[in-house]
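J.: Below, each chain spelled out in residue letters.
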Amino acid sequence: MIDFTDPNILPWLVPVGPLLAFLIITLATNRAQMQPSGDLVYGGFHPPYNNMPVPVVTSWSRILSITVGLSGVVMALLVSWNLVFQAIGIGESKFGKEVFTSAIAWMAAGTQPLNVGVLVDPLTVPLLFMVPLAVLCIFIYSIGYMAHDPRQSRFFALISLFAGAMLTLVVSDNLLFLFVGWEVMGLCSYLLIGFWYEKDSAYKAAIKAFTTTRIADVIMLLGIVYLYAETGTLNFREIMYNPEVLAAVSQTPAIVFGSLGISAAGLIGVFLIVGTIGKSAQFPLHVWLPDAMEGPTPVSAMIHAAAMVSAGIYAILRMYPLFVGLEGPFAADPHHGIFNTPLLLMALVGAFTALFASTMAVAQNDVKAVLAYSTISQLGFMMAALGIGAYIAAAFHLITHAFFKALLFMASGSVIHAMEHGEHHVHEHHGDGHGDGHGADDHGDGHDHGDGHGHGHDHGHAAPAAPRFDPQDMRNMGGLDKKIPVTYWTFLAGGMALAGFPLITAGFWSKDEILADAWLGTSEGFGPHALVFFMLAIAAFMTAFYTMRQIGLTFKGTPRTAEAEHAGLGGPTSIISQTMQLPLLILAVFALLAGFVGVPPEFPILGSIFSPNGNPFFDFVKYSVLQVEGIQPVKPPFSWIPVLTSFGVALGGIYVGYRLYWVKPLQAGEEDPMIKTLGPALYTTLQKRYYLDDLYRLAFVQPSQWLAHQVNVFVDKGLIDSTLHAIGRFFTWLGDLLKVLNTWLIDGVGDGIPRGIYQFGGWLRGVQTGRVQQYLLVVLVMAVVIGIIFALASGAVVAG
Amino acid sequence: MGFDIFGFDPLSVLIFAPMLAALLVALLPANKWLARVVALGASLLIGVLAVVVFFNYQQNAAEVDYLYAVSVNVPWFEVLGASWHLGIDGVSAAMILLTGILTPLAILVSWEVEERPNMHLALLLFFEAGCMGVFAAMDLMIFFLFYELTLVPMYFLINQWGGPNRHYASTKFMIYSIGGTLGMLLATQLIGFSVGSFDIAQITTVWPTFAADQSAFLGISVGTVKALAFAGFFVAFCIKVPVWPFHTWLPDAHGEAPTAGSMLLAGVMLKLGAYGFIRLVVPFFPDVWISNMPLFGVNVATFFAFLSMLGIVLGAFAALGQNDIKRLVAYSSVNHMGFVGIGIAVMALLYGQAWQAQQSGGLSAAAVQNAIIATNGAVMQMFNHGLSSAAMFLLAGAIYHKTHTRDLREYGGFWVKAPIYGAIFIFTSMASLGLPGLNGFVSEFMVVRGGFPVFPLIMMISMIGLLFTGSYILKGIRAVLHGPFNLHWKDYDLEIDRRELVAVAPLMALMLITGLVPNWILSVINGSVTRIFMNGM
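Protein chains in written order, with numbering that gives the first Met the number 0: chain C, 0 to 799; chain Z, 0 to 536.
There could be a bad hint or two in this list.
Unchecked claim - Below 27 Å or equal to it, Euclidean Cα-Cα: the simulated DSS-like pairs (lysine-lysine) are: (1) Lys474/Z / Lys203/C; (2) Lys675/C / Lys96/C; (3) Lys203/C / Lys489/Z.
Said to hold, decoys possible - Listed below are several chain Z residues computed to face chain C (Cβ distance under 10 Å; list not exhaustive): (4) Val47; (5) Leu48; (6) Val50; (7) Tyr175; (8) Leu319; (9) Leu434; (10) Pro455; (11) Leu465; (12) Thr468; (13) Gly469; (14) Val528.
Unchecked claim - Beyond 12 Å from chain C on every Cβ pair, some chain Z residues (computed): (15) Phe76; (16) Tyr471; (17) Leu480.
Honestly, the hints are just simulated from the structure, not real lab data. Being a predicted model, the structure only gives us computed values, none of them experimental. Note that the Cβ used here is the ideal one computed from N, Cα and C, for glycine as well.
Start from the sequences, fold in the hints, and give me the full structure.
T.: Here is the structure:
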C-alpha cells in the first residue's frame, strides 16, 4: 500500500488532480449538441458557418467540466501547499540537505535502469506555492471569460492538462520528466493559442509557437542525452548535488567543439540554455510569444506567467550548478569574475533581450502586445541574472513576475471583455453609427484580428465592410477607470509592480536584488556584470515608461470611442463580473506584498521589519544547491547605488509616462505622442518588431518550403525515380531485343517447347499487365552490379 | 515455450492458423458479412495467442536468460540442411505482439471493402502468416521463405484494391522488393553451403570467423565473398526498411494501397527489414560493418548511419512538401524508420568493435551501454512506429473514405464537424511527432541517447529532421482540422465511424501506456539485447 502521508511519496500526487481532470473532461463530461450556427451563441470568436449545424457545449457539460477542472486544481493546490508547509516546517538549511524524494525504475537500459521520480527541494517550494495559486486564479477567471464560448469544456480540459504538465515539470526529480512536462506544455500552448482554430491568425500563431519552441527543444534533447551519456543518470540530485559528478562533467572536454575550449558540461549547458531561449522566448527565438496572444486571455496568463515561460527559467535554475561547473579550467565562478560559455551566453542573451523587447513594447497599440513584450523583457532580466550568478535573485523575480504578470494579463482580458461588451451594446443600440470612431483602426502591426473575429455580432449589417473594430487596440479605449474600477485598480497594482514602483510593490524588491547583484560585480570591475547592470537599468526605465503609457492610454482621460463609452462587465452582480474580478483581487495582493519575503536585512527600516533574521527567501532557497565556492549563491552586501538606481529608473520612467499619457490623455482622433517623439521611421520599425518576422520568413521559412518542394520534385521524383525508370526502360528494351533473338534463333530451330514457354509468358504478361519479367531481369542485374560495387568497396579492405 | 495448442507448439500455430484462416475465408461463400466476421474472429484469436506468447516469454525470460525460447526444432528439407526451427527472444516477441495486435485492427478497418471482401480479408490473414514466420524463424531458409511470402498478398492488395495509380505502385513495389531479395537468396545459399547449416544461431558463431585462416574461398578472396554476401542482405533489407535512397517505392505503395494494406505495410512490413538487420546482418558480419569503405572513407556502419540520417532529414522535408495525406504519412515512415536505422548503425558498429576487441577484454562499459540503449531504441522505435503509423494510416483512410480525396488542400476546418476524429487525429499525430509522454518519444530518446556519443555530428544533423517532423505533422493537422471550414463538405458526415473508433482505440491506449510506462515491453527487449552484447564477449 502506498503511504501518501509520507512527504517523500506525496509529491507524486501534485500533478495528478489536473491530469485526472483532463482525462475526465475529455472522456466523459465534454458533451456538445449540434445547433445551427446562425445562433448568436456560436458567434463571438467563431466565423459564420452558414447555418451549418455545429457543436455547442451543453449547459450541464459546462458546469460539470468547470467543476471537475476546479476540483483538480484545488487538489493540486492542497497537496502542494501541504508540502510547502512541511518543508518550511523543517526549516532553512536543514531542508536542502534532506529533501522529499522518491523514484521508480522507468526505462530499462542494460543492467542500469533509468529512474524517474519526484523531488521537492528548497527551489521547488516557492514554485509549488506560486503555480497552483496562479493556476487556480486563472481557472476561476476562465469561468467568466469563456462563459459564452461554445467549447468551454474543451478549454477546461486543455488548461487542466497544461496545469498538470507544469506541475509534473516542477516536481520532477530528473531532466527527462522535466522535458515531458515541458513538451506537453508546448502541445497545450499550441492547442490553446489555436483554440479559435478557424481564425487564420490563431492557427498560424499556434504553428509558429510550436515550431519556434521546437527548434530549441530538439537542441535541448541533445543536451539531455549528452548529460545522460556523460553521467549515466538524469537525476538532479545525483548530478547537481554531487561534487564528483559535477567535477567530472566540467573537466571532460566536449565531444564536439571540444577543441574550442568547452567542456562536456559547457556543451550540455549551451544545449539546455538554447532550450530555455526557445521556451522563455529570448532573442532570437522570442518571435512566437507576441503572436501567442491569439489565444484566449486566460491562456496568455497561463503561458506568460504561471507556466510555460517560467518553466524555461526554472529549468536553468535547476541545472545551474552544471552550467557553473566545478573545478578544472572550464568551471566558472561569477562572483570572482570567472565566466564560461554557458554563463556568458545567458548574460548576453538575457541583457540584450531585456532591453530589446522593452523598446518594442513602447510602440505597441494592442493592450496584450505590450504585456507580451514586457514578458520577454522580464524573462531577459532573469536570464541575465543567472548569467552573472544571481541565482536567488532570478528565482525571486520568477515568482513575483508570475504573480503580477498573471494579474496584468487577466486584467487586460477584463478590459477586452469590457470593450467587447461595449461593442455589443453599440451594435444593438445604434447600429447606424457603425463607422464612427473607427478611424483609428488602421493599425499596421501585422495583427489583423479581422478574420472571422466576432462576426456573430454583425447580423443585419449590409453596410460596406468598414475596418472592423478592434477591442484590444488601446487607441480605441480611454477613460475606462470609471467604467471598470476594480480592473483599473488591480491593473494599476500589477502595472506598478511591473514598473518596479519602490518599496510597496513586489517587482521592486526582486528587480532591485538583480541590480544589487549586478552592481556588486560591476564595482569589482567584472565586464559582464557591468553590461548586465547598465542594460537592465535602461530596460527597467523603459518598463516603467511603457507601463504608464499603457495604463494612461487604456484607463485615463475620456472614452475615445462609443464602444469604450459603453464598456463594462455586466454589473457587479453578474457571475462573469465576479469570477473575473475575484482572481484579480487575489493576485493584486500578491503583486504588492510578495516581495516582502525577500527584503535585504540591511535595508533601512524595512529590513528590520521584514527580515530581522536575514533575508527569508534567500536563506531558504539557497540550500537547493551545493554549498561550495563558486556555486553557492552570494548575498550582495547592501549598497545605496543599486537601490538608488532602482528608485531612479522606476520613478523616472513612471514620471515620463505620467507626463506624456496621464497629464494630457490622448483625445479621440489624436495621434500617439510616441510617433512624434520617436519619428515615424523608428516608430514603425519598433512596431514591426525590427522586421525580424519578415527576415525569418525570408531566411528560414521560405527556403524550407523550397527545399521541401525540391526534395520531392528534384531528388525523389527526379534523381532517384528517373534513374530507376531509365534502368527499367533499358532492360525492357534489352528484353525486347532478347525476345526478338529468341524468336529468330531458337524458335527458328523449330523446337515447340520454347514456343510454348513463350506463349505461357505472354499469357502471364497479359495477366500481370506490367512487364514484370523484364523488370525482374533489370533488378537482378542491378543487384549484381550494386553487389559488385559494394564488394569492391568494402571487401577489398577486409581481405587486404 | 512452456505450453502447446492442441499438441502443436504455439509458434507453429501462430504461422499456420492465419494460413488456414485465410484459406477458409477465401473458400467461404461470397457473403461479405460471413467473411468479415470469420476473418475478424480468427485474427482476434491469433492476436490473443500472440499476446499470450509475448507474456509467456516475458514471464519466463529470466529463466532462459533472455535467450531464445525454442518452440520447435524438427528436420525439414534435410538435403539442404534446413530445419523447421522456431523460437523467440525479446526482440521477436515484441514484433510478434505487434503483428498479432495490428492484424485484427486492419481487418476491422477493411470491413469497409465492398469489392470481393473474401479475397481481401484472406490476403490480410495470409500476410500475417508470412510476418509471423519471419519473426519466429530460427532457420535462415525458413526466414527467407516467409520473407518472400509476405510480398505476394501485399502485391495483390495494392494491385487489386488500390487507388487510381495502383498498377504502377504495385509493380514498382514488387519488382523492387523481389530485386532486392535476389541477392539475399544468393547470399543465403552461399552461407548455408559454407556453414553447412541454415541454423541462425550456428551461423552467428561460425560465419564471422569462417575461413579466416584461408586466403581464398571458392577461388575468390574471403573478404570479397563476405562482402558479396553482406551486400545481398544489406540491399534487400535497405529496400524494405526503407533506407534512403531505396525508399521511393514506399510513398507510391502506401499512397495507392487500401487502408488496411497501408496499415500493415507501414506497421509490420517495414519492420521485417529492420528485424533482418538486427537478427541477421549485424551478428553475421561484424567484420564487414567495421571495415572501411575506401570510396567514402568511413566504415560501413557509419555510412549506414549517414544514409539513415539522410532518410530522417530528407524524409521529413519530402513529407513537408506533400499535398496528399497518405503520401505525407508514408514519408513520415521514411523519417521515422531513419531512427531505427541509426539505432541499428550504432548496434552494428559497436557489435563489430566488441567482436574485434573480444580478445583484448571487450569494449568499455560506457560503449556497451550506448550500444544497448541504441539497439533498445531501434526495436522500440519499430514497435512504436508500428502503432503510430498504423493509426495514422487508419485516420488518413477514414477521411479518404468519407471525402474520396487525399488532397490536403481540399480539406480544412474539419474539427468542427468531427470533434472526436479531430482529437484522435491530434493525439496520434503527437505520438508520431514524438511528443514526450507518448510512445514515439521513448524510442527516439533512446536512439538519440545511444547514437549521440557514437555519431555526434550525424545525430546533430538528424535533429533538423526531428524539427521538420514537427513541421509536417503540424501541416497535416492544420490542413485537415484547422482553418476556416471548407463549406464544400457542409453536408458530409466527417465524424469517425464507430468501427474505426474501435480499431484505433487499442492503438491509442498502447501509445499512451508505452509512453508512460515503457518497461512493460522494454524490459524484455532490453534483456535480450543485453544478452546479444554480453554473450561470448
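J.: Now tell me, hint by hint, if it's right for this structure.
T.: Going down the list of hints, with the structure as the test:
Annotation: proposed proximity of lysine 474/Z to lysine 203/C holds, straight-line Cα distance about 11 Å (limit 27 Å). Distance check on the hinted pair: lysine 675/C and lysine 96/C sit about 58 Å apart at the alpha-carbon level, beyond 27 Å; violated. A hinted pair counts as satisfied when its Cα atoms are at most 27 Å apart, and lysine 203/C with lysine 489/Z qualifies at roughly 24 Å. Hint on valine 47/Z is violated. Least Cβ distance to chain C is approximately 26 Å, over the 10 Å limit.
Checking leucine 48/Z against chain C: minimum C-beta separation of about 26 Å lies over 10 Å; hint violated. Given hint, valine 50/Z at the interface with chain C, is violated; its Cβ is 20 Å from that chain's nearest Cβ, farther than 10 Å. Against a cut-off of 10 Å between C-beta atoms, the interface hint on tyrosine 175/Z holds, since the closest Cβ of chain C lies about 7 Å away. Nearest Cβ of chain C to the Cβ of leucine 319/Z: about 4 Å, under the 10 Å cut. The hint holds.
Taking 10 Å as the C-beta contact cut-off toward chain C, the hint placing leucine 434/Z at the interface holds, the least distance being around 6 Å. Interface restraint check for proline 455/Z: the shortest CB-CB distance to chain C comes to about 5 Å, inside 10 Å, so the restraint holds. At about 5 Å, the closest approach between the beta carbon of leucine 465/Z and any beta carbon in chain C falls short of 10 Å, and the interface hint on this residue holds. With a cut of 10 Å, the hint placing threonine 468/Z at the interface with chain C holds, because the nearest CB-to-CB distance is about 9 Å.
Taking 10 Å as the C-beta contact cut-off toward chain C, the hint placing glycine 469/Z at the interface holds, the least distance being around 4 Å. Checking valine 528/Z against chain C by beta carbon gives a least distance of about 8 Å; that is within 10 Å, so the hint holds. Every Cβ of chain C is farther than 12 Å from the Cβ of phenylalanine 76/Z; the closest lies at roughly 24 Å, confirming the non-interface assignment. Non-interface call for tyrosine 471/Z relative to chain C: violated, since the shortest CB-CB distance, roughly 8 Å, does not exceed 12 Å.
With a closest Cβ-Cβ approach of about 7 Å to chain C, leucine 480/Z is found to fall inside the 12 Å limit, against its non-interface label.
Going down the numbered hints, you'll see the structure goes against 2, 4, 5, 6, 16, 17, while the others check out.
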